[in-house]
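All the letters of the sequence shown, read from the start, carry residue numbers 1 to 132 under my numbering.
Worth flagging that the hints you see were computed from the coordinates, not collected in a lab. A virtual CB, placed ideally from N, CA and C, is assigned to each residue, including glycine. Heads up, some of the hints might be wrong.
Across the chosen pairs, the derived CB separations fall in these ranges [what the hints assert, rightly or not]:
1. 99 x 4: 42 to 48 angstroms
2. 95 x 34: 34 to 40 angstroms
3. 85 x 27: 45 to 51 angstroms
4. 93 x 63: 43 to 49 angstroms
In silico DMTMM-like links for lysine to aspartate or glutamate, alpha-carbon gap of 20 angstroms or less [said to hold, decoys possible]:
5. 9 x 94
6. 9 x 77
7. 9 x 92
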Amino acid sequence: MASYRPLAKARSVIIAGVVVEAVFYGLALGGVINNWSFAALTAVVFLLLPVAGQVLTPAAFVGEEEVARRRAEVPLELVGVDSPYTTAGLVDLDRRLGIPAAAGVTAELSVAPTNGSAEPPVVEPGTVDAPA
């Protein structure tokens, strides 16, 4: 029952659940689904309502501060996808994976372009080394 208490703060999820139940009731009333199907679908909606609430309105379950902290933190598997891939990220990945730090590589090291322009070098697909 503890997982249902935060739903009081997530009124939109409760309203969506009631609407889905009303649709199922209409289908049962119209003979589209039988009573056993209606009962099974009602049980599924009842069991999945807290899960939907946690996904759609996480602040009701964990609080605003925790939601802000989770949104600011990029999961390890999404570094380079959701956030820029930096040298600090490389050092952090090496530390988390237990790989010894390379000589001279620190979080303060920045990668400068080697082709004389302001843009970093572009690696063409299918090539092994970056262009010089």
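Okay, the hints, checked on the actual structure:
1. Range check, residue 99 to residue 4: Cβ separation about 45 angstroms, and the 42 to 48 angstroms hint holds.
2. Roughly 58 angstroms separates the CB atoms of residue 95 and residue 34, a value that falls outside the hinted 34 to 40 angstroms.
3. Evaluation of the 45 to 51 angstroms hint for residue 85 and residue 27 yields a pass: the beta carbon distance comes to about 50 angstroms.
4. The hinted range of 43 to 49 angstroms is not satisfied by residue 93 and residue 63, whose Cβ atoms lie roughly 29 angstroms apart.
5. Under the criterion of a C-alpha separation no larger than 20 angstroms, the hint pairing residue 9 with residue 94 is inconsistent with the structure, at around 41 angstroms.
6. With a C-alpha separation of about 32 angstroms, the suggested pair residue 9 and residue 77 falls outside the 20 angstroms cut-off, and the hint is violated.
7. Taking the CA atoms of residue 9 and residue 92, the gap is about 37 angstroms. The hint is violated against a cut of 20 angstroms.
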